[in-house]
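2 protein chains.
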Amino acid sequence: MFYIIGLGLCDEKDITVRGLEAVKSSTRVYLEAYTSILMVQKDRLEAFYGKDLIVADRDMVETQSDEILAGADTGNVSLLVVGDPLGATTHTDIVLRARALGIPVRIINNASIMNAVGVCGLQLYNFGQTVSLPFFTETWKPDSWYRRIKENLDIGLHTLVLLDIKVKEQSEENLARGRKIYEPPRYMSIPTAISQLLEVESTRGEGALDPDKTLAIALSRVGGHPPGDQPQSTDGETIVSGTLAELAAAPPGVYGQPLHSLVIVGKRLHYLEVDYAGEWARNKQNWRSVAENVYGCTLE
Amino acid sequence: MFYIIGLGLCDEKDITVRGLEAVKSSTRVYLEAYTSILMVQKDRLEAFYGKDLIVADRDMVETQSDEILAGADTGNVSLLVVGDPLGATTHTDIVLRARALGIPVRIINNASIMNAVGVCGLQLYNFGQTVSLPFFTETWKPDSWYRRIKENLDIGLHTLVLLDIKVKEQSEENLARGRKIYEPPRYMSIPTAISQLLEVESTRGEGALDPDKTLAIALSRVGGHPPGDQPQSTDGETIVSGTLAELAAAPPGVYGQPLHSLVIVGKRLHYLEVDYAGEWARNKQNWRSVAENVYGCTLE
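Sequences listed follow chains B and X, in order. Sequential numbering from 1 applies to the first sequence in the UniProt record's numbering. Sequential numbering from 1 applies to the second sequence in the UniProt record's numbering.
Hints may contain errors.
The list treats identical chains as interchangeable, and a pair is accepted whether it falls inside one copy or across any two copies.
What the hints assert, rightly or not - Okay, derived cross-link-like pairs now, DSBU-like style, lysine-lysine, Cα gap no bigger than 30 Å in a straight line: (1) Lys51 / Lys267; (2) Lys267 / Lys141; (3) Lys166 / Lys141; (4) Lys150 / Lys42; (5) Lys150 / Lys213; (6) Lys267 / Lys180.
Worth flagging that the hints you see were computed from the coordinates, not collected in a lab.
With the rest of the complex left out, here is chain B (with noise of 0.2 Å):
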């Protein structure tokens, strides 16, 4: 059996029961390690599930399938993933590879960001299509989430803003020489998505986001349970709230580590959720005033 297994969100705690009995029962395990990350190392990991872990890049995923299904036939195989497994396509590719060799397949799902926002109370029923923000450079701007962004808005939907991440990447030179050696990990901040959202904002005109009157939520580390469980450590799951300017203004401390995502909120807004997601609100008052006068929600 080949097994894909999510790991969840946050630690080596986040597998399934079910997910640790395919794991000890694997004679290789393999851990995908770029669409997203855990908030630990591997070593932890390998020492929790008793198991080396053969970390899989995305070449390697891609490009050497065969070598990672092989022997799935006979014993068991396991793709580690963090978050659930069918987020990115590239499990797809290597779902139909295992097809066309004859190996069963069996997913074992665990909670990703595209659930687990439900965190920040506002319904996953009112949420619209996902969007990937992408780090601008000087020469290039990618800008097709801002229509999607404003289609949710529209129809009154929240959006999921997914901030881009880049693990592996070469400098321009390294990559022209072609020497293997890889800049540090950058993931995008809370800012700089703001900035980014507001800087294409103004470029298209088309109205869809203002820095005062559009309401969004950040989420850091969504899942997150800080080590022994205690509530007031700054290591765990963050959730603030404001309108696009004050999260913009919020000094860095407040996100902390990463992965940060963004919630844009639509009009479909109730009271309850209003309430809800106001205890976390860079400025209360203002909070609920905009709620209030500019999405024309009635608060109790």
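Once you have looked at the hints, place chain X on chain B.
Only chain X this time, still in chain B's reference frame:
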């Protein structure tokens, strides 16, 4: 600490290791038993967790939250929820109540249908808002979901349609006489769902749905793992794809036991997705033909 713990989708082994530790540390453990169902009975959960479970129905979670929260300021209390904890509004209520009482709350995430729907092979990024389809009666045929499906389709997005569940319903007579006698649970099937979709399409005539031109994917027991993990068992997850007419015409045995969900496929469709979900097509040739000729998908 008040823990709200997602159980995932299938059985006792879909809890996370973190969730299991929280259950074992709790003095009281409630099992929320109304917004969805697991595929196993309460006693199997109790045996596995080594804990008695207190069943909490809708009434109890909504009206007796103080009783549920009692003692969570000094010890641990857990509320178990099928899927992920924050899909349903009622859990927002109890979190707000806990906050008001100064009780710390921790959410332990898990898979839910909202992200596990990715097993159908369509990119989660391209899903729009999710809709719920209620059972029609002779006199009550709510259809606000139709506009939402159309909004999604108009911008090329897929729609996850959650099919109605009726548990703890009373007959009109028993309700009138105040007798707490409940009808057997009812779960909407794929053919019933499609018949309701097409009934409203023919009434409203806006052309969102077409029996022969709209592709859909029927999902049964998503995340389900057959006993003993035998891949051929019919009790596990089942996926069937086809046009609405093809899915409606399939014999019930094709879908098997509840729960069922339905995905209405939007135009934002990649040929790899057509291949992937085509594996489960009622008629593979027609699946590809509609994808190519109606959806405009360029197949390899």
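We went through each hint and held it up to the structure:
1. In this homomeric assembly, Lys51 and Lys267 never come within 30 Å of each other (Cα to Cα): the closest approach is 48 Å inside a single copy and 43 Å across copies.
2. For the identical chains of this complex, Lys267 and Lys141 are neighbours both inside a copy (28 Å) and across copies (26 Å), given an alpha-carbon limit of 30 Å.
3. Only within a single protomer do Lys166 and Lys141 lie at most 30 Å apart by alpha-carbon distance; the minimum there is 16 Å, versus 50 Å between protomers.
4. Neither within a single protomer nor between protomers do Lys150 and Lys42 lie at most 30 Å apart by alpha-carbon distance, with minima of 39 Å and 45 Å respectively.
5. Proximity of Lys150 to Lys213 under the C-alpha cut-off of 30 Å is found in both arrangements, the shortest distances being 14 Å within a copy and 28 Å between copies.
6. Neither within a single protomer nor between protomers do Lys267 and Lys180 lie at most 30 Å apart by alpha-carbon distance, with minima of 48 Å and 40 Å respectively.
Hint violations for this structure: numbers 1, 4, 6, all remaining hints satisfied.
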